[in-house]
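Participant: Read off the chains here:
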Amino acid sequence: MNTPLFECQHLAKRYGENTVVDDLSFRIAPGECLGVIGPNGAGKTTTIRMCLGLTAPDAGSITAFGLDMPRDTLAIKAQLGVVSQIDTLDPDFNCAENLLVYGRYFGMSAAQIRPRIPQLLEFAALSHKADAKPGELSGGMKRRLSLARALVNDPQLLMLDEPTTGLDPQARHLMWERLQQLLQQGKSILLTTHFMDEAERLCSRLLVLDHGRKIAEGRPRELIAQHLEPDVVEVYGNGALALAQAEEHAALRALAARVEVSGETVFFYTAQALPLLAALGQHHQLRTLHRPANLEDLFLKLTGRQIREDG
Amino acid sequence: MNTLTQSHSPSHWSVPRLSGRWWPVFLRNLLVWKKLAIPSLVGNIAEPLMWLVAFGYGMGALVGQVTISTPQGDTAVPYILFLASGSICMSAMNAASFEALYSAFSRMHVQKTWDGIMNAPVSLDDVVLAEMLWAGFKALFSVTAIMFVMLGLGISHSPKLLLAWPVLLGVGITFSCIALVFNALAQGYDFFTYYFTLFLTPMMFLSGVFFPREQLPGVVRAISDWLPLTNAVELVRPLFMDQWPEQAWLHAAVLLVYTVAAFWLALALTRKRFSR
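In order, the protein sequence lines correspond to chains D and A. Anchor point for the first sequence: position 208 equals 208 in the numbering used here, and the numbering is continuous, going up by one each time. Anchor point for the second sequence: position 30 equals 341 in the numbering used here, and the numbering is continuous, going up by one each time.
Chain A on its own, in the form it takes in the complex (with noise of 0.2 Å):
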């Protein structure tokens, strides 16, 4: 291969370049979400309820309370407050997901829309990062629609929830860099069906959202104790409960690595799609 040659053909896996023009994008989703908002809200907030009062106070009727390991010794907690801390993180990875999924997806490959963008001065990494942070965004919005109905039916009133919140967007860009490698490998929606049904529905059930993961056979545990969600639930329940995560560091560095490995295979993947 001839040094021309290599010039002209930059590799997919460069040093993302990201500037300003980000921001444009993000503006423009978030335009059209505005004329879509209450609807959008309604959706964002009734499915977690819905299994917040099925299982929380439907369940927590029968459990009770969960006893759970914090520094401070083993702690029973209310059920219902145990699973509002872990689906909020849940609804976080949801809402991120099929934001950087089905929504990224129609605006890239059925709308043009990206194509559009990308005729005017604008990079496909800028793009990317825009999807990345706007799905991040839409998490975040959910979050804290969630948020006002637990602290209205007083399920936690721990002022960490402050801290919860930016952890809580952390968490959402996490899952939508996560989901924009999906995106970029999709040929249609029916892709997705297998990622949320292989990959999150599954990862929903290992990761202490509805039980204690003390229950797990040690083995799934083990591999429990590496998924984002588990290392999410195990920053955002401590706050929930007015205390300190343990090992707090460990989990936002797993969190970390995930959103950035993710965000760079993403792009790779992405600018791959794009350049043919």
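Chain D extracted, bound-state conformation (with noise of 0.2 Å):
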């Protein structure tokens, strides 16, 4: 394997009782995507802001581009590029200035920031908007614009917090186009993700976090195929719990490797969908839906159906 660009070995995080990172290790590989999945409260956010220098970790270590935190932290973050959770774009400034000014955080000149600008703008797609300030940006040309402050420093690796969260389809597809073509240019990105489809398109690897614990990594294919049946059936409908728990449909249920109930949903799952709805089809009054197994199956399988205290 390539020498990391990233890499963290036992990090934890506690809050007082409260443990919100423990033991944890990942590392990213150039030019990687590395996905980070969990749901909330599951560590994500305090994790990239231990990469960020932002808290100290309780313990272990984090070393990026050779260089080692926290004593390199303001060299490290000179090479990353970073979007977080929340908007934090200047609301006095217009797209332009915003850039000009970010820039200089960085130590650089107005002569080297000033003919990046128009290239940036155009990366995220509001050259038309050079002169507008944020107020007046929708949700996407905001978070593309917090994305053209992140390339400013023509960083190594970005750390993306949630980059899509609150955006129309139209928006997030737009992100994600410009997502992909940083990775082409060589880029590495660590990105947090509610978004399963998200995770599935960018990401070379995942990581699903809980309770601030590794509890899976790798391919997303590959987790998939490791941790679930190939097909799911769901059922909905009058009648559809009684498949699940009835005893008289305890051969239909034998036509699936597990049967999982959440409300009024039944889900199946199975190697071999076709006898299956085959007998569903005898129940008139329901309705399935076969597909194959996704990333969002294997995270509701890992991480459960419970809605989270802060979720």
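Honestly, the hints are just simulated from the structure, not real lab data. No experiment lies behind these values; they were computed from the predicted model shown. Ideal placement from N, C-alpha and C gives every residue a C-beta, glycine not left out. Mixed in with the good hints, there may be bad ones.
Unchecked claim - Result set (EDC-like, lysine to aspartate or glutamate): computed pairs, CA atoms no more than 16 Å apart in a straight line:
1) K346/A <-> E97/D
2) K345/A <-> D210/D
3) K214/D <-> D22/D
4) K423/A <-> D87/D
5) K583/A <-> D87/D
6) K301/D <-> D154/D
7) K423/A <-> D131/D
8) K346/A <-> D131/D
9) K345/A <-> D22/D
10) K346/A <-> D92/D
What the hints assert, rightly or not - One-sided excerpt, in silico: chain D residues whose CB lies under 8 Å from chain A:
11) L5
12) E7
13) L54
14) Q85
15) I86
16) A96
17) V101
18) W176
19) I215
20) A216
21) R219
22) E222
23) L223
24) Y236
Grab the two chains, each in its own frame, and use the hints to assemble them into the complex.
Facilitator: Right, dumping it as structure tokens:
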């Protein structure tokens, strides 16, 4: 394996009695997009904050670009681009000024930053908004401006904390397109997200966190194959719950490897969907949806269907 | 506690680690302010001017002259000069306090500007330093504008005003450091009302801005001796009267101790706030 660009070893963070991150280790290879998924409160944002030196871990080590945290925090950050969960754009500056002012925090001179501004705005599809202030931008535009701002120092590694939360599908797809472009340019990305399709589309590798611990790690397709049956049949409607519970339907249930109930919906996980679908066809009052198992199924299997306290 | 844990959790009280990276943060504030400088100038001058006109000319007509003790013995001073030299210290205090409380809090907590800055290679220590110096600059700006008005009104023509100018910058810095302590503790803007009504306003009346401190009861005066605004007024007023301040080094030292202690405390509390 290549020397990692970024590596965390045995990170731990506690707030009082509450362990937020527990013995977490991971590495990011050059050119890789590592996705971090987990329910609210799983420790994703705390992990990113530790990676940025904003909060000190109680144990463990972080190295990046051959440099050590916390000693070289500022030198490490000089090579990072960050998009945080909440936009921190300057409301008093227009888009171009936002980029200029932000570049100065990296020690760049106005003469160095100015030529980059049109390129960055074009990348963010904001060339026509150079003079607009963030307050005049849509949610998607703001996020893209945040991304452009994170690129002002031409970073090697991007850390993106839920970059598409709250965006409409068009804005989300544009963001994905841009992130794909960056990966093609050879940049590396650490991405946290709640969107499983986003994780599957962008990430070469995934880290599943729950209660601050790493509970799975691997390529999205491999993780699904490893933990789940390939097919899912969702059943809704009057009498769906009976299929999952009643004695008389035991034979039907035997056609599935695993049966899960969530609310009024029954999920059948199976390697052979056809016999199951045929049997379900007898029940005319039910609606069924047959689809391949996806990352969301994996996520829910690993972290449960319960709503989290802060979810 | 093992050594690993210790090495990972630097104390909030460790020595400030400052670098030149405060400058782009200061520059950011300057650029925003440039957009609003003219309206802000009006606000900065109008209020102190109203005090001066209402009290100085209104009360001045009643009071006439105020007698204050100087190394040369008791001196009678026109009330308007007495008030102007005190109220300019108050203006420095107010300008710095407003900036380091309401405006800094907006940037820190509401707009999350500080969080954005700290995602770049700028440390929290440098951000706090920049805010401190920025609030000091805002005080200097107000003071300069008011001084020009006072010169225009012919209240003082002392050449020592040139020296009062950097002293007032120092006064602004002292109060910006103190205000940043409260900024670090604030959960909302309401908190600052307490600071103004319970701390700054009483201090205005106890520091010899409006009337000589000789009028105060002994105990109150003993407390007043150690208030930062008192020491600021004791330094600045003689300069307005073209005299040298008595015990200048003592007053400067008191202000310096407030400044250093408050900056350190503000930094420790802000580090604590941001460590979560």
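Participant: Each hint: holds or not?
Facilitator: Going down the list of hints, with the structure as the test:
1. With a CA separation close to 12 Å, the supplied pair K346/A and E97/D stays within the 16 Å bound.
2. About 48 Å separates the Cα atoms of K345/A and D210/D, which puts this hinted pair outside 16 Å; it is violated.
3. Between K214/D and D22/D the CA atoms are separated by roughly 8 Å; this keeps the pair inside 16 Å, and the hint holds.
4. The straight-line distance between the Cα atoms of K423/A and D87/D is roughly 8 Å, inside the 16 Å bound, and the hint therefore holds.
5. Straight-line distance between C-alpha atoms of K583/A and D87/D comes to about 23 Å, which puts the hinted pair past the 16 Å bound.
6. At most 16 Å may separate the alpha-carbon atoms for a hinted pair to count; K301/D and D154/D exceed this at roughly 39 Å.
7. The suggested pairing of K423/A with D131/D is violated, with an alpha-carbon distance near 22 Å, which exceeds 16 Å.
8. A hinted pair counts as satisfied when its Cα atoms are at most 16 Å apart, and K346/A with D131/D qualifies at roughly 14 Å.
9. This hinted pair does not check out: K345/A and D22/D have alpha carbons roughly 47 Å apart, beyond 16 Å.
10. For the suggested pair K346/A and D92/D, the alpha carbons sit about 9 Å apart, so the restraint of at most 16 Å is met.
11. The beta carbon of L5/D is not positioned within 8 Å of any beta carbon in chain A (closest approach about 17 Å), and the interface hint is therefore violated.
12. For E7/D, the shortest C-beta to C-beta distance to chain A is roughly 16 Å, which exceeds 8 Å, and the interface hint is violated.
13. Proximity of L54/D to chain A holds as hinted, the smallest CB-CB distance being about 6 Å (cut-off 8 Å).
14. For Q85/D, the interface hint is violated, the least distance from its beta-carbon to any beta-carbon of chain A being 10 Å, above 8 Å.
15. Interface restraint check: I86/D against chain A, minimum CB-CB distance 6 Å, threshold 8 Å, status holds.
16. For A96/D, the interface hint is violated, the least distance from its beta-carbon to any beta-carbon of chain A being 12 Å, above 8 Å.
17. The restraint placing V101/D at the interface with chain A holds, with a minimum CB-CB distance near 5 Å, inside the 8 Å limit.
18. Taken as an interface hint, W176/D does not check out: its beta carbon lies about 22 Å from the nearest beta carbon of chain A, beyond 8 Å.
19. For I215/D, the suggested interface contact is broken, since its CB lies about 24 Å from the closest CB of chain A, more than 8 Å.
20. For A216/D, the suggested interface contact is broken, since its CB lies about 27 Å from the closest CB of chain A, more than 8 Å.
21. Because the closest C-beta pair between R219/D and chain A is about 29 Å apart, greater than 8 Å, the hint is violated.
22. With its C-beta approaching chain A no nearer than about 33 Å, E222/D sits outside the 8 Å limit, and its interface hint is violated.
23. With 8 Å as the threshold, the beta carbon of L223/D stays out of range of chain A, its nearest partner Cβ sitting at about 30 Å, so the hint is violated.
24. Given the 8 Å rule on beta carbons, the hint for Y236/D is violated: about 43 Å separates it from the nearest Cβ of chain A.
Consistency note: the structure conflicts with the earlier hints numbered 2, 5, 6, 7, 9, 11, 12, 14, 16, 18, 19, 20, 21, 22, 23 and 24.
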